[in-house]
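Novice: Chains as they are written, first to last, in the working numbering: chain R, 1 to 378; chain X, 379 to 740.
These are computed hints drawn from the structure, not numbers from a lab. Only a predicted model underlies this, so the values are computations on that prediction, with no experimental measurement involved. Each hint should be verified, as a subset may be incorrect.
FRET-style restraints, in silico, Cβ to Cβ [unchecked claim]:
id : chain 1 : residue 1 : chain 2 : residue 2 : range
1  : X       : Arg732    : R       : Glu277    : 37 to 43 Å
2  : X       : Gly521    : R       : Gly319    : 50 to 56 Å
3  : X       : Asp576    : R       : Lys18     : 55 to 61 Å
4  : R       : Leu370    : X       : Arg732    : 49 to 55 Å
Beta carbons: idealized from backbone N, C-alpha and C, even for Gly.
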Amino acid sequence: MDIARRSKYSVTFYEPSKAYDGYTLFSVAGRNDVWIINMQGQIVHHWDLPYPAGEYGCLLSNGNLFYQGSVPIEEAPLPTFGGIGGHLLEVDWDNNLVSKYDDLYHTHDAQRMENGNFMIVRYVPVPKSITSRVRGGIPGTEHEGTMWANVLREVDPNTGKVAWEWLAYEHLDPESDIICPLEQRIEWTHCNTVQILANGDILTSFRSINTIAIIDKKTGDIKWKWGPGELCHQHDPTMLDSGNILVFDNGAHRRSSGPSYSRVLEVNPKTNRIEWEYKDNPVYEFFSGVAGGCQRLPNGNTLITESCLGRIFEVTLSGELVWEFVNPFYSYWQDQHQNFIYRAYRYGPNYEGLKGKKLTPMRFNLLNQLYGPSAFEE
Amino acid sequence: MGFARTSLQGVTFSIPRKAYNGYTLFVPIGGKDVRLINMRGQVVHHWDMPCVPGCHGVLLPDGNLLYAGQEGTGQLTDLMGSGGKLIEVDWDGDLIWKCEDEFLHSTFCRLRNGKTMVLKWIPVPKDIAAKVKGGLSGTERDGVMWTDSIQEITSCGKVVWEWLAHEHLDPESDVICPLGCRDEWTHANAISVFANGDILASFHRINTIAIIDKQTGDIKWKFGSSHELAHQNGATVLDNGNVLVFDNGLHPCGFDFGYSRVLEINPKAGKVVWGYQNSCWAAFYSSIMGGCERLPNGNTLICESTSGRIFEITHNYEMVWEYVSPFYHDVPPFGRTNIIFRAYRYGPEYEGLRGKSLDRPV
Chain R
1 MDIARRSKYS VTFYEPSKAY DGYTLFSVAG RNDVWIINMQ GQIVHHWDLP YPAGEYGCLL
61 SNGNLFYQGS VPIEEAPLPT FGGIGGHLLE VDWDNNLVSK YDDLYHTHDA QRMENGNFMI
121 VRYVPVPKSI TSRVRGGIPG TEHEGTMWAN VLREVDPNTG KVAWEWLAYE HLDPESDIIC
181 PLEQRIEWTH CNTVQILANG DILTSFRSIN TIAIIDKKTG DIKWKWGPGE LCHQHDPTML
241 DSGNILVFDN GAHRRSSGPS YSRVLEVNPK TNRIEWEYKD NPVYEFFSGV AGGCQRLPNG
301 NTLITESCLG RIFEVTLSGE LVWEFVNPFY SYWQDQHQNF IYRAYRYGPN YEGLKGKKLT
361 PMRFNLLNQL YGPSAFEE
Chain X
379 MGFARTSLQG VTFSIPRKAY NGYTLFVPIG GKDVRLINMR GQVVHHWDMP CVPGCHGVLL
439 PDGNLLYAGQ EGTGQLTDLM GSGGKLIEVD WDGDLIWKCE DEFLHSTFCR LRNGKTMVLK
499 WIPVPKDIAA KVKGGLSGTE RDGVMWTDSI QEITSCGKVV WEWLAHEHLD PESDVICPLG
559 CRDEWTHANA ISVFANGDIL ASFHRINTIA IIDKQTGDIK WKFGSSHELA HQNGATVLDN
619 GNVLVFDNGL HPCGFDFGYS RVLEINPKAG KVVWGYQNSC WAAFYSSIMG GCERLPNGNT
679 LICESTSGRI FEITHNYEMV WEYVSPFYHD VPPFGRTNII FRAYRYGPEY EGLRGKSLDR
739 PV
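If we strip away everything but chain R, and leave its shape as in the complex, we get (with noise of 0.2 Å):
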């Protein structure tokens, strides 16, 4: 373990007059704990779910906690693709169960709508009539003869019911949307958001084709599509206010022969100019060569969580950091030793979600002082 990086942690920067005063929000790969913390890097809230982390919780508006858990590797249908989900729950602020669904194909992505129906990323084998005709990846490594895509389907947790589903296969081109050439040919997309839009609609990331896309959700029809050339292996696209599109851009398997980095940037649909972006200063300095979230915040300022190293930071739109913190829970999973945080997610004091929620530290009084900033004061 390497000493210089490794040994700050929790809040490790902060200027409050700059950044966006609130709760941050975070899950651990690997362990069943989502966290709050408040700016200092405080623990003042906790819950302990049945499941790991698969990928990550958020905090609803009506105060209950939306969580995708993991199931064991050796359960997962297709352990070799990352991104294992299967257990999706909303409890409420008391960790009580209020309504879960189990889906041994989701992967990386859920969301709990306004209808209490969750929008689900699965897993779904590619007929085999498509598959030979999709391009690019490495030849010949297609999971036991098989490519697999995302299915996004919504469904009532408590009956099970279909409401709507989207099958990648029959909206994409398998001339044109195709999988990097370093990629296996295991899966054609590798679906890692489903993001549902105020007027409905699917905003959606398919890592191994570089694209995020707006699906229309009456027609199924792709309304638009950005990514490759410009793109590499993203994560997390979301609608801002304005229209633009938010999104991480990992830069893994980035054209050129420099160096790997990451991005976020802000793309507006109706023009596909890139408007924002935030690069680190050297560019090596932020990567996450998977995963990664990116969130921006009502004072303008952009929340990003370097997930492989477990950094959630807060940049202005000059890209001045304004907060860091540096996750101090630890797992061991998938043989690596990790603090791995998938997407983290701020709540300012006023959020519907906190009205009535008590954020004291006092109630986590040892784990404060095990996780907390003054057990890495110097």
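Once you have looked at the hints, place chain X on chain R.
Specialist: Same frame as chain R, now just chain X:
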């Protein structure tokens, strides 16, 4: 700039009884300083060079410093690793020897016979370039694809031996990484010489390290292009005949998680016999450059270039010394960085340090 990662500098960790006691030489990219530090991170000697590195320096057994510098005006000056000048100075910085050629790049190897093995860019003949597979289509440099020659030169600059990559590589099977540019076929970035004169070379663009027979020029052994290496650097010959290499992990095949490894490979058996990666994989990663050196006590000194971090581990992966360079420079297009190409450790008994004053930090 991330705060947590940049706030600890100098020697951040040290277990003196387990580390290989000595002096570490390194050159911050973008600066003109060569520094020799002791185990406490104090600078005990300093050379002020006339140009920035392209890409590093080495302390020779005779006590001189041999330095690959960047000349900055040649036609390939924007290529990664561009150099142009080999400069040898004595302990006090006085010029002993230099060799200038705009196509010199990256690294060199001073031989026991006093000659120097260097890397120079040469254009690939058009008919061969057209057959070279891989890389991003249409990204040749003004229509030209460059490759490497390895030359053995005398102190007068006379070339006494030369090896041209395009005469020994196969356009069909020595394929450029699909995400790389076709401005270069090979991009050699390391040369190291066996006791019998054979040469170990590292070709970054085609993910290949190779042993070249000095007598015939034939490639006796190749490794890496079947997804074993990912844009490696720092390949070096070990006393036991094995090869040590910094496997960067840039453009890894079949997965996205970026992480680096240092591997020891037995060329006779054709397999990896020792390897190091961090228990949190992403916490040891340098997508470009990278160096590794086996020390006399069996430890390995590793240069994680992009974080300006040099560290030493035991055979059992225990960290016993770590240093983060506090020397930053503006290096386009990367930004303001403490990046270091390679670092070397010299024991106090090293010939090149005999009689040198190393007690007082400068």
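Novice: Indicate, hint by hint, whether the structure satisfies it.
Specialist: Tested hints:
no.	hint	result
1	Arg732/X with Glu277/R: 37 to 43 Å	53 Å, violated
2	Gly521/X with Gly319/R: 50 to 56 Å	37 Å, violated
3	Asp576/X with Lys18/R: 55 to 61 Å	59 Å, holds
4	Leu370/R with Arg732/X: 49 to 55 Å	52 Å, holds
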